[in-house]
Each structure stands twice: as structure tokens, then as C-alpha cells.
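Novice: Read top to bottom, the protein sequences are chains U and W. The first sequence runs 1 to 526 under full-length UniProt numbering. The second sequence runs 1 to 424 under full-length UniProt numbering.
By construction, these hints were calculated from the structure, which means they are not laboratory data. These numbers were taken from a predicted model, which means no experiment stands behind them.
With a straight-line Cα cutoff of 20 Å, these simulated SDA-like cross-link-like pairs (lysine to any residue) come out:
1. W:Lys386 to U:Ala51
2. U:Lys185 to U:His206
3. U:Lys85 to U:Leu113
4. W:Lys37 to W:Val199
5. W:Lys37 to W:Arg137
6. W:Lys239 to W:Gly264
7. W:Lys381 to U:Arg49
8. W:Lys282 to W:Arg315
9. W:Lys87 to U:Tyr125
10. U:Lys228 to U:Glu248
11. W:Lys386 to W:Arg411
12. U:Lys2 to W:Glu92
13. U:Lys2 to W:Ala80
14. U:Lys2 to W:Ala94
15. W:Lys87 to W:Ser129
16. U:Lys74 to W:Arg19
17. U:Lys85 to W:Ala355
18. U:Lys487 to U:Thr516
19. U:Lys497 to U:Arg282
20. W:Lys37 to U:Leu5
21. U:Lys2 to W:Glu88
22. U:Lys365 to U:His404
23. U:Lys343 to W:Lys95
24. W:Lys386 to U:Met45
25. W:Lys381 to U:Met45
26. U:Lys497 to U:Thr279
27. U:Lys2 to W:Arg100
28. W:Lys386 to W:Ser296
One side only, chain W facing chain U, incomplete, derived with CB under 7 Å:
29. Arg49
30. Leu54
31. Gly70
32. Ala72
33. Leu372
34. Pro377
Just so you know, even glycine gets a beta-carbon here, dropped at the ideal spot from N, CA and C.
Below, each chain spelled out in residue letters.
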Amino acid sequence: MKLTLWTYEGPPHVGAMRVATAMKDLQLVLHGPQGDTYADLLFTMIERRNARPPVSFSTFEASHMGTDTAILLKDALAAAHARYKPQAMAVALTCTAELLQDDPNGISRALGLPVPVVPLELPSYSRKENYGADETFRALVRALAVEMPRTPEVTCNLLGATALGFRHRDDVAEVTKLLATMGIKVNVCAPMGASPDDLRKLGQAHFNVLMYPETGESAARHLERACKQPFTKVVPIGVGATRDFLAEVSKITGLPVVTDESTLRQPWWSASVDSTYLTGKRVFIFGDGTHVIAAARIAAKEVGFEVVGMGCYNREMARPLRSAAAEYGLEALVTDDYLEVEKAIEAAAPELILGTQMERNIAKKLGLPCAVISAPVHVQDFPARYAPQMGFEGANVLFDTWVHPLVMGLEEHLLTMFREDFEFHDAAGASHHGGKAVAREETPVVPAAEAAPAATSDTPAAPSPVVDTPASGEIRWMPEAERELRKIPFFVRGKAKRNTELYAAHKGVCDITVETLYEAKAHYAR
Amino acid sequence: MSLDSPTFGCTDSPVRRERGQKAVFCGLTSIVWLHRKMQDAFFLVVGSRTCAHLLQAAAGVMIFAEPRFGTAVLEEQDLAGLADAHKELDREVAKLLERRPDIRQLFLVGSCPSEVLKLDLDRAAERLSGIHAPHVRVYSYTGSGLDTTFTQGEDTCLAAMVPTLETTQAEELLVVGALPDVVEDQCLSLLTQLGVGPVRMLPARRSDIEPAVGPNTRFILAQPFLGETAGALERRGAKRIVAPFPFGEEGTTLWLKAVADAYGVSAEKFEAVTAAPRARAKKAIAAHLETLNGKSLFMFPDSQLEIPLARFLARECGMKTTEIATPFLHKAIMAPDLALLPSNTALTEGQDLEAQLDRHEAINPDLTVCGLGLANPLEAKGHATKWAIELVFTPVHFYEQAGDLAGLFSRPLRRRALLNGGAA
Chain U
1 MKLTLWTYEG PPHVGAMRVA TAMKDLQLVL HGPQGDTYAD LLFTMIERRN
51 ARPPVSFSTF EASHMGTDTA ILLKDALAAA HARYKPQAMA VALTCTAELL
101 QDDPNGISRA LGLPVPVVPL ELPSYSRKEN YGADETFRAL VRALAVEMPR
151 TPEVTCNLLG ATALGFRHRD DVAEVTKLLA TMGIKVNVCA PMGASPDDLR
201 KLGQAHFNVL MYPETGESAA RHLERACKQP FTKVVPIGVG ATRDFLAEVS
251 KITGLPVVTD ESTLRQPWWS ASVDSTYLTG KRVFIFGDGT HVIAAARIAA
301 KEVGFEVVGM GCYNREMARP LRSAAAEYGL EALVTDDYLE VEKAIEAAAP
351 ELILGTQMER NIAKKLGLPC AVISAPVHVQ DFPARYAPQM GFEGANVLFD
401 TWVHPLVMGL EEHLLTMFRE DFEFHDAAGA SHHGGKAVAR EETPVVPAAE
451 AAPAATSDTP AAPSPVVDTP ASGEIRWMPE AERELRKIPF FVRGKAKRNT
501 ELYAAHKGVC DITVETLYEA KAHYAR
Chain W
1 MSLDSPTFGC TDSPVRRERG QKAVFCGLTS IVWLHRKMQD AFFLVVGSRT
51 CAHLLQAAAG VMIFAEPRFG TAVLEEQDLA GLADAHKELD REVAKLLERR
101 PDIRQLFLVG SCPSEVLKLD LDRAAERLSG IHAPHVRVYS YTGSGLDTTF
151 TQGEDTCLAA MVPTLETTQA EELLVVGALP DVVEDQCLSL LTQLGVGPVR
201 MLPARRSDIE PAVGPNTRFI LAQPFLGETA GALERRGAKR IVAPFPFGEE
251 GTTLWLKAVA DAYGVSAEKF EAVTAAPRAR AKKAIAAHLE TLNGKSLFMF
301 PDSQLEIPLA RFLARECGMK TTEIATPFLH KAIMAPDLAL LPSNTALTEG
351 QDLEAQLDRH EAINPDLTVC GLGLANPLEA KGHATKWAIE LVFTPVHFYE
401 QAGDLAGLFS RPLRRRALLN GGAA
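Just chain U, same shape as in the assembly (with noise of 0.2 Å):
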């Protein structure tokens, strides 16, 4: 038993419903009380999708324990097949029936429909959202997709992208205006668009691009068994990532790489002069593991920040996770728990968070620019332009979604040249984004000397939002050290306190004065 306040994924079922709600002549099946169907409006709201999701519950009720939840199965099973006609159908437990006796898989080969039905195995109680939609889609696969003669011309499959998915819609466009540009046509492209006719055509292309592996990998390590088709390992986020990942569908193809990068700005965006003030920004990232990836390679090489901080929500990634993190020396942090991240982002001070919309949420409690670049989604992540994360238009996106919430180079240096004007200051925020500019709460200006007098420069800074109150042993700010602390502009002051206190720590000072800031501030220059 763990107490969860709110949850990175939902239930392995959701995870069936976004694969069937992304395909097409589909019905999924689920036996479960009423209240499951609070799941369709993920669907119909957040992604404002303009039809049911093809999903039937067979609605059972306290009355109906014993055994006649297993007839409600087979009658929602032979209505789902009567009303939508589906070319296939799968049929999955919720957590509830889980508890329950029945068996879908007896019940739905004794109803004998003409058409193929799936049984989903979604341990409810040990694995989430992700798991779902990779098993799901797994399972369907392996039903349908058989080796036959690969086309005459070189085509791939594009596999993983669902419902519900972070920019899938618009990943799924680039990633295959990227492959034409090569002479590669597209398959089948599934969960997403396909119909199980569809899945059943699989085996014609040469290989698979494994778009997401979170929802998709195991359906692509099934294929690579069954039909002998190789899948890309390198997932095009990033100007970087995209080319080895052409480079990768070259070796698999024997194909030339044929880019056009036309319409890349992002490498000129980010050398521009600009964009100097990016130099070694401190950012957090934490998301889905093949996001969170992406993201600090991008972060690192082709932005020039400095990665504090990664994990990812889905224990699934832990290990390649683990070793992106390591070549940034750091130590990733694989948990779910919302409270842990949270603490990880304090403890690192960093002046830019990426991540999901709970890291927009802490961010926003502990006022820091932040952006968005994973699921789980919200209706903002489904906005009505063209937005992909993958291939060259992903990259500009991503320069352009990340740099937005931070304070602007000119901006910077202000803020940093004039620290006492009233208007402009620190706690206004910066002055390119909404919300109403507040004024600095007036401290009485008081000359250094009488407000410290020498005599009692030794006594610890009362607390203040600035730092705590250290336990007795521990490092102190001194009154002068935490006004010259105040001075330093909010995107750069966990930075600078964090570097500080390092810096004192090591040195084995206690008492942290203006001449320990500032030698520390030497000796972390660059």
C-alpha cells in the first residue's frame, strides 16, 4: 500500500484505450464497474477528440458479484461486436475485475465472434499507463502481424505513437516528411492511424522506426523476431539525434542520407549572439525516460545549458535513463512520487525546469521559468499548430519552447546593473510574459554599517525567504553575506547560494561572509 496524492500514469487499462482510441476499426472491451468510464473524457476533453473512444464496459454492479459479471462480459462482448463491427476486438480487465473469476479469453472464444478477439494481460496492481499501451499494442501485433514479402520499394512502419500522446500527431507528419526526403514511404504508421487490417500488412516493410519506445518497443522487438524487420534505435529529437538517427536509417537501408535542412534555424538560433546569455544555464529535467533523454542531449550540446539534474516517472526506462545521466555526471532519479521530484528540484537550484505539467506546477510554486516536454499531457499540450518534438521543425520548436520562459539576454543585464529600481526588479518577473507586475515590497533602506555594526556581524541572519535558519554546526549566512545574496538577480540567486554553500562546506567555513560569496563566486568562474 502507498499513499499516491497524484500520479505521473494511470492504470495499465488507460494505457489499452489510448492504443485503441489512436486506431481505427477497433473495439476494446473492458470489464469493469461504472466510474471506469471516467477515462473517455481524458480523451474527448484533454485531447478534444470528436468521437467516443471504441471502448465498451460491461458495467457491473455489487449486485451482479457472483457470476454474473462473466455474463455481462459476454453480453457487452457480443453488443461491442453487433453495434461498431469492428475488424478485431480486444478485451482487457480493469483493476476491479481483476479480483473477479472471470476469463475473458474463455468467455470470448466461446462467444465465437467472426472476428479476431484479444485477450489483454494488465496486471492492474503492479504496472501502469505505459506498460498498458506497450502490452497492448504488443499483443494486437503479435495477433495479426505475420512475415509476408517486403514491398518492392524500401518502406517502413512507424510504431508507437497513441492517443493521448505527447505531440504524437505532429511526430508522426515530420518523422515521415523526414523519410520521404530519403525515398522512404511509410507502411503502416501504428497504433496511430491503423486499422488491424493495417497491423496485419506490418511484415511488407523493410525495417521499423521505433518512434516511442515507452509505448512501442516491445510491439518492435515482436516484429524484429517474427518478421525479421531491424528497428531504429535513436529517437529524432534534437538537431543531433535526427541526423544520426538518418544515419541509422541509411545503415539499416543501404539508402544515401538525403536531408533538407531548409527550414532548421535552431543551430544558428542558439550560436547567434543572442543567445550567449544561455551559456551554462542550470536546468532540471524530468519526464518520460525517452523524453528526458532527448531533452539533455539537446540541452547540453546544442543549447549550451548545463544539466543539473534528470529522471524520469517510468521505472521501465530506469537503466538507459541511468546511463544519460551518467555521461553528465549525474545521478538520475527514477521515482513517481511527485514529493521526491519536487525535493530534487530545490536541491538543485537550477534557473530552468523541463518537464511535465506536475514539474510546470512545481516550478510555478517555487518561482521558476519551466517548460513542458513530456506526458503526462494537459489540453495545452494539443495545440491547434503544428508543433512536433521530432526531426528539424522539433528542434526549432523545442529551441523556441524552452528559451520563452526565461528572462531575455538585455533583460538579464539590467535586472543584474540596476538591482534597486523599484519598477523593474526581481520579483516583477520577467516583462515579456502575462500576469500583473507586482511592486518590490519596500524594505527600509538602511546604511550596511548601522544595520550590522561590527560588533555583532557574527550573530546568524534572522530567517528570511532568502535562506534558512541553519541547525547549530551547520553553515550560517551572515547578515551582510544574505543582503549581498538579495542583490543578486532571482534567475542566478539559487546558483549563487548553492554555489556558496558548496564552496563553505569544502572549505570548512561555518560563517558565510561577502568575502565567501565572492570567492566563491571566483572560484566556480568560467
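Based on these hints, arrange chain W on the given structure of chain U.
Specialist: Just chain W now, with coordinates in the frame of chain U:
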């Protein structure tokens, strides 16, 4: 009376009773407003990841302040031995109460899995009450989808509180049902002006102002979905004041009149207190009449507010009721509203979603009230819809909200007109 005026009264109308796939929330969802209403309460669902996911999806918001609800998510090892589950629950509760010393009431909320596993939360609540008394009182109730639909979760919650209320001989009026604070204040002000009092609320905003109950207590429901709570109060000797629900000018007047009559308030006084707000309510509703009058209305089952709201929309806004469905029809509690509903209303209790969608398509109403899962798909098919959930998340009771309530239904129609280039 002109020939096309509707006749009223559905008291003896046939009710279509359906079962099948439902597009409704389970009772856990009521935690979304209960946890904000009771400011020193924490709601701990004992359930699955699905329960936790439902709550955050239904709340539609992320957590800015730490919420006063959470889910003790059952894991594989909890399914094996139940003795362990109780120990684990004790541990999680202890951790929680340590972190939240401001919590004075803890509700253990049963779910579908906890019910199927026969996890005895009543016993757990008793045990935990013993451990954490007197600082924290622990209750248990079910929000399981096996037994409860959406707002019924508030009913099972309040019903669980009733047996623990202190006994009193005082002559007090108890207003039952969680109301938004602004509405509660207006309600109390109207009753005070009528000279009715003392008035207590269930649920109270804090446990230290919790009401007492006894043979001299009279109570009136402010929400229509509280049948079990009403029964529990009657078992404690309290007498129910029967009235239509306080939606719209007419509903509010009849509701207040029922209380006034029980307290022997003179007709003059009643008129003096209600005349001005009644006029305001009528004026505010009138602003929406042009949009709503003569339009047909279909309601999918959702919150049990359907019958009183259909009554308001038909009688005060001139809408034509077609099918009005409710998840559960408590005939005794609904009687005064049923008596006022147009007699040609087609009443449905329960749901068989696909069949109902077919009927809806055939009727093709001007306005459809439905849940969030159905709204966009129906809009895409050309139907104007109103999300039902907004009706429980918006102040809609009593005089000053009557115009806002009408506005919730007229806005989708006005918006369609605007987007279609028409004047609104």
C-alpha cells in the same frame, strides 16, 4: 390557459428503468468538492491506481496546494493477505496525520477493489479512531462504483457522519448538503431574516462547529441526492421538511416557504423577506429567456440534479423537456419536483448508453446535458451540449444564482449562434 401550455405533474408517470454501460463517475468523485468544503478533513481512498487517476482527472486540475485527498494504492502484496493490508493502512494513516497535524477528520473511503477484497474499513476506522482520538475522528464510507454514482458519494459520506453526531433536544433546523460557501451564506441570511433559527449545516465547514441532532431537529435537504443521509437523520428522530429543491426563483421560494410554514412564519413576513430577491432572480432569468424559451432539452443521467433542474428549465425558462434521465430516482425525495415537471417528460432511471444515444439522435434536442466523455463527440455531431459536471461545481442554488444557473444553459446556445455568425 392556452392550448399549447404544458400540463404539469409526473408523479405517476412511467419510468424507464435501464441497465447497461454507463457514462457516469463513481461516488469517489464527490471528494473533489467535499474536501474543499470540510476544511479540516482528509479523504483517504483505499483503492487502486485507477481511483487515484480518476480523482485527478475529474478534478481537472493539478495540485498547487497539497490536496486534502489521496489514495492508499493497493499493490500486489496487499492482495495476498488481508491482515497485512490493515497494518499497512495504519502505517500510511500515521504517516499522513504526522505530516498534516491540521487534519481533525479522516474519511477512509471504500472503492471497488477494497469492496471486492472485503477490506473492512468500518473496523479500520474504529481502530484508527481509537489510536488517534481525541485529535482526529476517523470515519469510513463507500465511494465505490459498485454501489454509488457520482453525487451519491456525498450521500454515503454524510450518512456515515450522522450516527456520530451529538444528541440534542434543542429545536434546530439542519440544512443538509454541501453548498458553496457563498450560497451557504445567502441561505443562512434568508433563513435568519425569516426569523428561523438556530440553523446548522451538514456538512459543517469545520468539525468544531459540527451540528447535533435529536427528536426536535427539523432538517431540509439542499441537494437532491441525499436519500441515505435523510434516512439516517430520521432514524435519529429528526423530521424532514418536504420541499422542491432551491433552484430558480420558484424552487427557492417553495423551499423557503416549506421552512417558513414549518416555523409558522407569517405570510407578510415571508413576502417582505423574499419580494426583493425574487424580483432580482426573475429579472436575471429573463435575460436568458430569449435564448432558452421553446428550446428542447435532453438530459443524460449524471448528478441526480436532473429532475429539479428540468423543472426549473421547463417552468422558469420555457424549455421543452424530452428525455430526462437520472442515475437513481428517489421518488419520495423527488416527489415535490416531480409534481411540477411537465407531464409529457420521458423519465429514465439508470442508463444503457448506446440505446440512449440512439434515442437522443432520434429526438435531436436543441440542448443536451451530458458528461464530459460525451460532450465533444455530441458537439461534433452538431448537438449543443452543456457539461453536467459544471452544475455541481458552480454556485447554482437560491435566488442570487438563478440567473447564473439559466446562463449555464443559455451559453452553449449563444456561443453556437456567435460562431455561426448570428447575433447573440
